[in-house]
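Asks: Sequence:
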Amino acid sequence: MKRKYTQIYRDEWEQDPSFKSWLSKSRVNTTSAHCKACNCEVLSRVASLKEHMATSKHIKNMKGYSGISKIDTIFKTSTISEEVKKQKSAL
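Sequential numbering of the sequence shown, starting at 175, is according to this note's numbering.
Because the hints were derived from the structure by calculation, they are not lab data.
Glycine included, C-beta positions come from ideal geometry on N, C-alpha and C.
Any given hint could be a false lead.
[Claimed, not checked] Using 20 Å as the maximum straight-line C-alpha spacing, the simulated EDC-like pairs for lysine to aspartate or glutamate come out as follows:
1. K210 with E186
2. K224 with E186
3. K199 with E225
4. K199 with E188
5. K231 with E215
6. K237 with E225
7. K234 with E257
8. K224 with D185
9. K176 with D190
10. K237 with D190
11. K210 with E225
12. K199 with D185
13. K234 with E256
[Stated by the list, open to error] Quick list of the computed label-pair ranges, beta carbon to beta carbon:
14. K210 with Q181: 16 to 24 Å
15. E188 with K259: 26 to 34 Å
16. E188 with Q261: 56 to 64 Å
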């Protein structure tokens, strides 16, 4: 009889180009990974991650998820306020 091996989450999976946009460490336990696009837990095995990636739910969610930008990249800091400060100090 084969012994079952329990794989724990590996941080280096987040560097893999096929996983890095949607994968994160699970908050539930060390034997699960979290899919940020589907908001679900997946077993911490590469085969399970690849199977999840191929599901229709994940593919549909990634279409909407891939275009999401971080808030700090959407809004730029205003240079006008810096110029106003310089002009006020010059007066």
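Asks: Checking against the hints above, which ones are violated?
Replies: 7, 9, 13, 15, 16
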